[in-house]
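**Q** So the protein lines, in turn, are chains A and B. Taking our numbering, I'd label the letters of the first sequence as residues 1 to 176. Taking our numbering, I'd label the letters of the second sequence as residues 177 to 634.
It is worth saying that the hints were derived from the structure and are not from the lab. Just so you know, these numbers come straight off a predicted model, no measurement behind them. Keep in mind that a hint or two might mislead.
[Stated by the list, open to error] Quick list of in silico lysine to any residue cross-link-like pairs, SDA-like style, CA-CA up to 25 Å:
1) Lys53(A) / Ala309(B)
2) Lys53(A) / Gly333(B)
3) Lys152(A) / Asp416(B)
4) Lys53(A) / Asp248(B)
5) Lys53(A) / Tyr311(B)
6) Lys81(A) / Tyr130(A)
7) Lys53(A) / Ala343(B)
8) Lys53(A) / Glu308(B)
9) Lys81(A) / Leu265(B)
10) Lys391(B) / Arg402(B)
11) Lys18(A) / Leu265(B)
12) Lys391(B) / Glu262(B)
13) Lys53(A) / Ala313(B)
14) Lys453(B) / Pro468(B)
15) Lys423(B) / Leu16(A)
16) Lys152(A) / Glu383(B)
17) Lys53(A) / Pro468(B)
18) Lys53(A) / Gly341(B)
19) Lys53(A) / Asp339(B)
20) Lys53(A) / Glu312(B)
21) Lys391(B) / Tyr130(A)
22) Lys81(A) / Ser382(B)
23) Lys391(B) / Asp37(A)
24) Lys620(B) / Ala409(B)
25) Lys53(A) / Ala419(B)
26) Lys152(A) / Arg417(B)
27) Lys81(A) / Leu381(B)
28) Lys53(A) / Ala267(B)
29) Lys18(A) / Leu251(B)
30) Lys152(A) / Gln413(B)
31) Lys423(B) / Gln43(A)
32) Lys423(B) / Arg23(A)
33) Lys391(B) / Arg52(A)
34) Lys423(B) / Glu54(A)
35) Lys423(B) / Trp75(A)
36) Lys81(A) / Glu217(B)
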Amino acid sequence: MSTVDHPQVESSLEGLLKQVRPRLKTVFTRYRIPPQDTEDILQQALMALVYRKESIRDPEAWLVGTVRNKCLLYWREHRRKLYETVDAAVLEVVAGPVGPDQERAHLRHDLAQALERLPERCRSLLWMRYRQGYDPPELAERLGYSPSSIGKVTTRCLAALTRHLFASGICRRKTE
Amino acid sequence: MTAGRHPEPGVLERFLLGRLSPPEMRETARHLLAGCPRCQEITAGLWEPADLFEDPLALASAEVSTEDAAYDAVLDRVFERVAAVESQLAAQRAAGRRLHEELMQCPAERRHLLLANCQRFRNRMLCERLIEASYEACFEDPRRAVEAAELAVAVVGRLEAEDCGGAEALAGLRARAWAYLGNAFRTNFDLQNSETAFATAESLLSESQISLAEKAKVLSLLASWRKVQRRFAEAAQIFDRVAAIYKRLGQWDLLGRTFLQKALVCGEAGDGEGEMKLLRRALDLIDPQSDPRTFLAARHNLINALYESGRAREAFALLYHTRPLYLQMGDRMSLLRLRWLEGLVAFGLQRTDQAEAAFREVREAFLELDLGYEAALASLDLAGVYVVQGRGADVSRVAEETLQIFQSYNTHREAIAALLVFSAAARLDQAGLDLVREVSSFLKRARNNPDLRFSAPS
Numbered sequence: 001m002s003t004v005d006h007p008q009v010e011s012s013l014e015g016l017l018k019q020v021r022p023r024l025k026t027v028f029t030r031y032r033i034p035p036q037d038t039e040d041i042l043q044q045a046l047m048a049l050v051y052r053k054e055s056i057r058d059p060e061a062w063l064v065g066t067v068r069n070k071c072l073l074y075w076r077e078h079r080r081k082l083y084e085t086v087d088a089a090v091l092e093v094v095a096g097p098v099g100p101d102q103e104r105a106h107l108r109h110d111l112a113q114a115l116e117r118l119p120e121r122c123r124s125l126l127w128m129r130y131r132q133g134y135d136p137p138e139l140a141e142r143l144g145y146s147p148s149s150i151g152k153v154t155t156r157c158l159a160a161l162t163r164h165l166f167a168s169g170i171c172r173r174k175t176e
Numbered sequence: 177m178t179a180g181r182h183p184e185p186g187v188l189e190r191f192l193l194g195r196l197s198p199p200e201m202r203e204t205a206r207h208l209l210a211g212c213p214r215c216q217e218i219t220a221g222l223w224e225p226a227d228l229f230e231d232p233l234a235l236a237s238a239e240v241s242t243e244d245a246a247y248d249a250v251l252d253r254v255f256e257r258v259a260a261v262e263s264q265l266a267a268q269r270a271a272g273r274r275l276h277e278e279l280m281q282c283p284a285e286r287r288h289l290l291l292a293n294c295q296r297f298r299n300r301m302l303c304e305r306l307i308e309a310s311y312e313a314c315f316e317d318p319r320r321a322v323e324a325a326e327l328a329v330a331v332v333g334r335l336e337a338e339d340c341g342g343a344e345a346l347a348g349l350r351a352r353a354w355a356y357l358g359n360a361f362r363t364n365f366d367l368q369n370s371e372t373a374f375a376t377a378e379s380l381l382s383e384s385q386i387s388l389a390e391k392a393k394v395l396s397l398l399a400s401w402r403k404v405q406r407r408f409a410e411a412a413q414i415f416d417r418v419a420a421i422y423k424r425l426g427q428w429d430l431l432g433r434t435f436l437q438k439a440l441v442c443g444e445a446g447d448g449e450g451e452m453k454l455l456r457r458a459l460d461l462i463d464p465q466s467d468p469r470t471f472l473a474a475r476h477n478l479i480n481a482l483y484e485s486g487r488a489r490e491a492f493a494l495l496y497h498t499r500p501l502y503l504q505m506g507d508r509m510s511l512l513r514l515r516w517l518e519g520l521v522a523f524g525l526q527r528t529d530q531a532e533a534a535f536r537e538v539r540e541a542f543l544e545l546d547l548g549y550e551a552a553l554a555s556l557d558l559a560g561v562y563v564v565q566g567r568g569a570d571v572s573r574v575a576e577e578t579l580q581i582f583q584s585y586n587t588h589r590e591a592i593a594a595l596l597v598f599s600a601a602a603r604l605d606q607a608g609l610d611l612v613r614e615v616s617s618f619l620k621r622a623r624n625n626p627d628l629r630f631s632a633p634s
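Extracted from the complex, chain B is given alone in its bound form (with noise of 0.2 Å):
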């Protein structure tokens, strides 16, 4: 071929796909690269495509040509291909289920083992079970959620392509195992063995080819952990990615859970207006009746970010419509969480005495539940009770009981150091709200960041 001869219109389809041998290639390249106007045209036309269509509703208002005849036969191989797997999976599911139901009647130090020595659960819908069950255990029993994840991490670390339908599902799902992984040690607050797993999922999502789906599930649990590490700003962007990707797959319900948790960032990061107008965005996208457990979440912060920007009875019409969705969870630590909430409404409505009765109940139950973080918290919201009404006395009371919960818990000495100035403070009857609301504000940071540092205030 010379600049002369005109490759056929085939050749330029062919090398705009890659198609031809590369010396093929290279002279076509060369032969356009010489401005030949007659292919020019003929590459303009077929180079049109991606260019066209990045814009959907290019797409949307597109008429099927005559040519997609040509489609036609190529859909009916792939939909006969795809309804056959789809009964093999559906068994597989009940497979599943019931090697998982077989697992946890184990004790929890054979499950190991037998995942190493049975064959049998070598199984992907084990996997996914155990990932499911994980995520459901993060409400109820953070412990048990690790065990979970800990579990589904090893059946896809035995798994191959073939198990999984492909190299792509398999990356996907073992890059989630270890999200989940890391995310139920985030629940548990064990910081570095979360770091560690999401370390773990991040490089296998940048070394393997996974699908946007399996990949945004893994950065919104990577960004929900950026928060805990209050790296605000990058766990923004990873979010916005996430964003992207569920508008690009007209995923509106999990857009909108993304929505729910940019805004925590927001809020975290001390943005009230932006973490509440994302709030609402969130709860137009999010189907109460598919998921009204994340559409009960979006409300509890709603009120609290009304709340805390001093909008309190904003907040308390809005907590007396969503009191149902409380009621309907039913768990303990959803009931716990609408109870501590009506005590801080309450506070912020100046009806002190109902603040007082729900912060005690709640620490009550915090402490019966074994988890002294919260108890300390709803400690400190009650001290803010006995405060306001004056009642120094009680205000020392709490703040020597609450280092006691502290100290019994082996929390971190800054945490410590802070109850200590406002113990102090305390038996001196100079304990101020505003002390109150700092040690609040500071142990709820510190909580996932040990290296926090309190400095006592003027």
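With the rest of the complex left out, here is chain A (with noise of 0.2 Å):
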């Protein structure tokens, strides 16, 4: 039989504070959390913690990891907010009034040629919402998701052309 080493665990909240501290910093540092943010973030799972703190075994790396996962979550956030934002900027571009038609057809070809680069499940789906103007039910009714995952699967192909986008644009020729 054997067990896990488990690492020395700090019993009162100043010690595991003071021990935890440098790599609190470092988790925050690496995930580019702003520091207004940081103290919401940090103050949920100190909370957590001391809430908590009995069926706790190993305080020091539960709080490193839910900081870092909360890290994460601030993330995905942000990132779904942007990829609204694209996804209306997109829209805008193919349907509005963005100028000379010429203009127009050329960030037509160039999202057309964007959306090619997407994994073949992204590029039916963006494409139905972009050129044939379909709205989340119909898109999963006519490609064959559930209601309740098309919000999913629309996140993940915004987030695959958002990356597209931000690396290289959609029309390169139109620049400064």
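The two chains are supplied separately, each in an independent frame; assemble them into the complex guided by the hints.
**A** Given below as structure tokens:
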């Protein structure tokens, strides 16, 4: 029989905070969380720790893990907003009065090229959304997704598109 | 802003953080869509964090930069606030314990009335204490476990977010209280109420923002319930989610406990090898010092799995080393489980006299404790011994006695039907070991599945 070697556990809160401080700073620095947002993340994690301290075996590992997870969620939440913005901007580009016909044609062409570089699943979904104007329930029905999962699938596809656009843009010839 | 005029780096950063006004957000997005290489270079650098650090190893190798000084002031402020909250909490915990004692001193029928009418029982720590009490009572007195969990649900129903340090904590506590109630009903074999309680816990999980640790606890109980319902694939899937959470949170002992629970799913689904593999992983992770009961449960299940797979010698060796742990626990149920396991292993080693003595003892003790189903299962093990010894009259007598136990406990009809088949075969001296095993296995499965039908072997 063997058991896990558990690290030295600091029992007092004061000692724990002193011990964990450098690791927390590392996490925040590396995740590039703006200091003003760090306060909420840290406070939520520490409150959860003190409320549940008796049932947590290794508080330091737990705290670092929880803070790291909250940092990821922080970015995920911001990314989600960003995807929505990109989505709205692309819809405007393809549908709105953005300029002369030739410019719009270039935009559409470059968007098509950008979509070509995405996985097949995203390509068809975004194509139907931007070129044919389908809304999420219609997309779910057309592509065979359940209404509850279409939101997630669309977000993933928008994430792929956003990544791609931020790396290359959709109409290089128009820049500067 | 136009495609030709670049946004400031600060604007791009606020754009990625979603901190610009909606028109500014749109305009910046349009600028980037136009493919501005200069701005793309900046945003690509800002884009990096969430992708780069999915891998915890990347974080471990990170070095603290000089920029981290900006965090010091924040850390100081938060640490100070949390220390103040902690000292308040210590006082609240003590108050919760006192309230629990006071509540338990009241007659059972007055407790809910007291909770509904008395403001000072609106206490988070009282709820936590009741949940703990419910869990502890599952091993000793399942009916008390239900009472305690019902009280916990009543308390949490009256709590507000500010009583718990926030809406997230309240939502987590509420989901947990309902899950423990479902669990308590499960240990009482009250399947309908269990399903209702778990459905409530599950809907609370999906409706509210709940911390990962709290979510894992609720999911873990839910997965155990799915196992009882014999929805094995679903149960295994939920346990995998729980394991992923504990791995992420670095809670190795809880990860071990999750493996132990998932092993039960494998066992019931007929995957004996998978079960033993998971149990060994669990034993590597569970600390016998801090959680002896869980460690013992893992050992017990491993011994049983070894016996079931025909490796009685290995089971015997492991049982020899595990006996002190049962004695250390000392509660009656643990000692009865030990005795039962001793009987099974002895039977596996063809030491039928020892097995008979153990099964008789266990059966009598379960009858004394009013645990008819366990008594009946032990009786079937005893019948198995008599079959091997060729004692047809004793097989027939035990079969009749077992049938009477089931009838007196009003167990569901299919279980009685199975025992009637066994009893009839025993009277004709035709009950073989295969039939005993088949009936025993059916009774174990039928216990949590009233819809199961027994088909008599040809």
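**Q** Please go over all the hints and tell whether each is borne out by the structure.
**A** Hint-by-hint comparison with the structure:
1. Lys53(A) / Ala309(B): 18 Å, holds
2. Lys53(A) / Gly333(B): 23 Å, holds
3. Lys152(A) / Asp416(B): 21 Å, holds
4. Lys53(A) / Asp248(B): This hinted pair holds, its Cα atoms lying about 24 Å apart.
5. Lys53(A) / Tyr311(B): Measuring from Cα to Cα gives roughly 18 Å; hence the hint holds.
6. Lys81(A) / Tyr130(A): 19 Å, holds
7. Lys53(A) / Ala343(B): With a Cα-Cα distance of about 19 Å, the restraint between Lys53(A) and Ala343(B) holds, given a limit of 25 Å.
8. Lys53(A) / Glu308(B): Roughly 14 Å separates the two Cα atoms, so the pair holds.
9. Lys81(A) / Leu265(B): Not OK: Lys81(A) and Leu265(B) at ~37 Å, beyond 25 Å, violated.
10. Lys391(B) / Arg402(B): Judged against 25 Å, a Cα distance of about 16 Å means the pair holds.
11. Lys18(A) / Leu265(B): Given that 25 Å is the threshold and the Cα spacing comes to 20 Å, the pair holds.
12. Lys391(B) / Glu262(B): Holds - the C-alpha atoms of Glu262(B) and Lys391(B) are around 23 Å apart, at most 25 Å.
13. Lys53(A) / Ala313(B): 22 Å, holds
14. Lys453(B) / Pro468(B): Holds, at roughly 20 Å.
15. Lys423(B) / Leu16(A): Holds, because 21 Å separates the two Cα atoms, which is no more than 25 Å.
16. Lys152(A) / Glu383(B): 17 Å, holds
17. Lys53(A) / Pro468(B): Distance of about 19 Å is within 25 Å: holds.
18. Lys53(A) / Gly341(B): 14 Å, holds
19. Lys53(A) / Asp339(B): Holds, at roughly 17 Å.
20. Lys53(A) / Glu312(B): Measuring from Cα to Cα gives roughly 19 Å; hence the hint holds.
21. Lys391(B) / Tyr130(A): 38 Å, violated
22. Lys81(A) / Ser382(B): 21 Å, holds
23. Lys391(B) / Asp37(A): Within the cut-off at roughly 24 Å; holds.
24. Lys620(B) / Ala409(B): Distance ~19 Å between Lys620(B) and Ala409(B) Cα, so the pair holds.
25. Lys53(A) / Ala419(B): The given pair, whose Cα atoms are some 20 Å apart, holds under the 25 Å limit.
26. Lys152(A) / Arg417(B): 18 Å, holds
27. Lys81(A) / Leu381(B): The hint holds at about 23 Å.
28. Lys53(A) / Ala267(B): Satisfied, since the Cα-Cα distance of roughly 14 Å is no more than 25 Å.
29. Lys18(A) / Leu251(B): 10 Å, holds
30. Lys152(A) / Gln413(B): 20 Å, holds
31. Lys423(B) / Gln43(A): This hinted pair holds, its Cα atoms lying about 22 Å apart.
32. Lys423(B) / Arg23(A): 18 Å, holds
33. Lys391(B) / Arg52(A): 13 Å, holds
34. Lys423(B) / Glu54(A): Judged against 25 Å, a Cα distance of about 19 Å means the pair holds.
35. Lys423(B) / Trp75(A): 21 Å, holds
36. Lys81(A) / Glu217(B): Given pair Lys81(A), Glu217(B) holds - Cα atoms ~21 Å apart, limit 25 Å.
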